[in-house]
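Colleague: Below are the chains, spelled out letter by letter.
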Amino acid sequence: MGDLFWTNQIIYIENIYKPVVLGTLICFVAIAAVFAFGLFRHYQLLRMGGKENRFDQIPTRIKTALVEVFAHMRIIKEPYPGIMHLFIFWGTALFLIGKLIRPFSYAVVLSSPPQAVFLYASLLSEIGAVLIIIGGLIAIYRRYIAKPSRLDTKPDDTLIYGWVFIILLTGFMAKGYRIAAGGIQPTDWATWAPVSYLFSKILPTFDTEKFNWVLVWHRAVLHTLPAFTFLVYIMVNRSRMQHVLLTPVNVFFRSLKPKGALVPVDLEKAESFGVSKIEGFTWKQLMDLDACTRCGRCQDNCPAHLSGKALSPKKVIQDLKQHWYDSGPDLFGMFRNKFKGKGRDTGVKMIGDVISQEVIWDCTTCRACQEVCPAYIEHINKIIDMRRNLVLDQAEMPETAEMALRCIEERGHTCKGTTACRTDWCGDIQGAKLLANDSNVEIVYFVGCSAALEDRNMKVSKAFGKILRAANVNFGILGEEESCCGDPARRIGNEYLFQMQAMKNIETFKKYNIKRIVVTCPHGYNCLKNEYPQFGGEFEVIHHSQYIAELISQGRLKLKNSLDKAITYHDGCYLGRHNSVYDEPRTVINALPGVQFKEMARHANKSFCCGAGGGHMWMEEKTGVRISEMRTEQALETNSNVVATACPFCLQMFEDAIKAKQASEKIKSMDIAELVALAIADEPPK
Amino acid sequence: MDTFVRVIAVLIEVAILGVVFYSILAGVRLTLFDLGIKQQYNKIVTLFLAAVGALFLVFLFSHLFTFYPEI
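Those protein sequences? They're chains A and B, same order as listed.
With our numbering, letter number 292 in the first sequence gets 292, and the count goes up by one each step, no holes.
With our numbering, letter number 8 in the second sequence gets 1008, and the count goes up by one each step, no holes.
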């Protein structure tokens, strides 16, 4: 195989390539030292962060990291940049495999191991190089011609394209000259080194073998030099190229906890609350900053950014990263070992100078940024940590949010000014038992503040009560014993108030020995299901969309009335992205007679926030377009009569936005429970 | 004609070599600043590296014109 491949090559391999490769192998020690130095720089920076255990479930971590790195599961979800990255990644992998096999070919006699190995190594390198060039051209077109707003170009980005291209070009030239200088035709170089073979056709050589030696020497050095320095560059310079190592490591250390759960604060031990200085973050939160590749997917999916607010998740991460680097040890301080894991005082305030309060309060915690981030960066916990500091240490928060928190503290709910009590909604619904009277029930309906006390949402709880009664469900409610689940307090940053509410509700649940709870609010659902276990509250929690789907599948609900409506469904963030409940609401809607179901362009895990999450239900939107109005426009594009939701906050936001857009004639917002109630009613809907 | 092609070939070679040295020197510059050299030295560092790059290019230019193979 490939006998002609070696014709007239032994002399070049022995006299030129062998020394070059041996030199590279000797330099490997230097490369290893540089690599260690590069790692040490990051280690010193990570030492600034606090403790956090991310070493659990190692097999799962290894598996997900490998799948993500090699199969590009998340990156490929955006086809253009995904394919671009796939070309570059696999091109580099093949290129390096081919290159790494090569040095070993010179350490042994060429016939042992079999020459075929080196033929394939040559071919792999060439295929890899071509893939890198194709991926690079796709990237160059995107960055310099298409110019999507989410990409910012730094000098380093441009340099990398040129540098990598020149390494590949000089590689082809080095081999091309070697082929040309061999002077034997025909050979089977075309099979094993097709691109270099083409180069050999146009490269001039000398008539004298001695000169050709010098020529090939030149070429070998001019390929090795930029390649070697490039390796050093990516190991030392904390540029974007370091994502090659840092991003897979960050994926390995990704959060495996429930997506919707925030990390609790130990209120008894904490000396201060939240994070006001960069070293207040944990090492993993800091590693997130290192892993960011500035791809901008987070920014492109952030409702706050898209509606013209000050927040850009990408900018938050990048600004924190720069502040972290600035606060870290200087090079010589690091070597003098004067740095003990504490940041330098740069005189810059993280909250205020680096990240403005406006940015911190703009976040709706919708999780769209985290859902698309290929590096698995966790944006929300950093923003909440800064909010915790603002609220608990500095008593700084939007006035309306402060009022909502005060309302929870004083009345146990968020509905300031309501005259209703927690049982008013179930006035004419027979079968709703107060647990105080009879706790022997199949399931407990945790109604939540909005559905119990807010006029529009009381219609939802009423509809859900009718559904439960129609299905002969023996259910109970807590009535006045129920208190706010605490979600608004936790998302706004008042961890103290949240924990008070959680403990209070858990105590009540335990008092009645409650095992199974159904909720109509995804925020309450998330809190009870994912966050109450942090305080010993382990219960089976079901969202009403799941429960209705269960009742339908069990044949306990007879959907008899045709609704004759075109319906689109809005995935609430805390039901969808935070808890992955996407199918059940759709199952319910599709089970309704006379319904034409239409999806919005942004749906399921790509859904667009309604603008109420993260405590924004109680905050003013002063800048840009209202997020709820943007979402309403997206719903209107489907030409549906109804935008269905399964969240009281979303419902309220749609109600207001539809009125503001004067679109009440075209579309109305309804909870899926209201739709089901229409389908089971004794009288068909008008 | 051959002389003309040779000149073009040499210029292409010089351009390639120019990119090689530009990449390396620009990489050195960015690394120096990342290692903690203050921005106030930007001008002097850039000038020094540009001078080194220019010297390389002059050498390569003359070297290639003298020794480049006949076409």
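There could be a bad hint or two in this list.
Think about it this way: if two alpha-carbon atoms lie no more than 25 Å apart in a straight line, the pair counts; the simulated BS3-like pairs of lysine-lysine are [unchecked claim]: (1) LYS277(A) to LYS1038(B); (2) LYS349(A) to LYS1038(B); (3) LYS598(A) to LYS77(A).
Note that these hints are calculated values from the structure, not bench results.
Colleague: Now look at each hint and say whether the structure bears it out.
Modeller: Cross-check of the supplied hints:
With a C-alpha separation of about 23 Å, the suggested pair LYS277(A) and LYS1038(B) falls inside the 25 Å cut-off, and the hint holds. Restraint check for LYS349(A) and LYS1038(B): satisfied, since their Cα atoms lie roughly 21 Å apart, inside the 25 Å limit. With a C-alpha separation of about 22 Å, the suggested pair LYS598(A) and LYS77(A) falls inside the 25 Å cut-off, and the hint holds.
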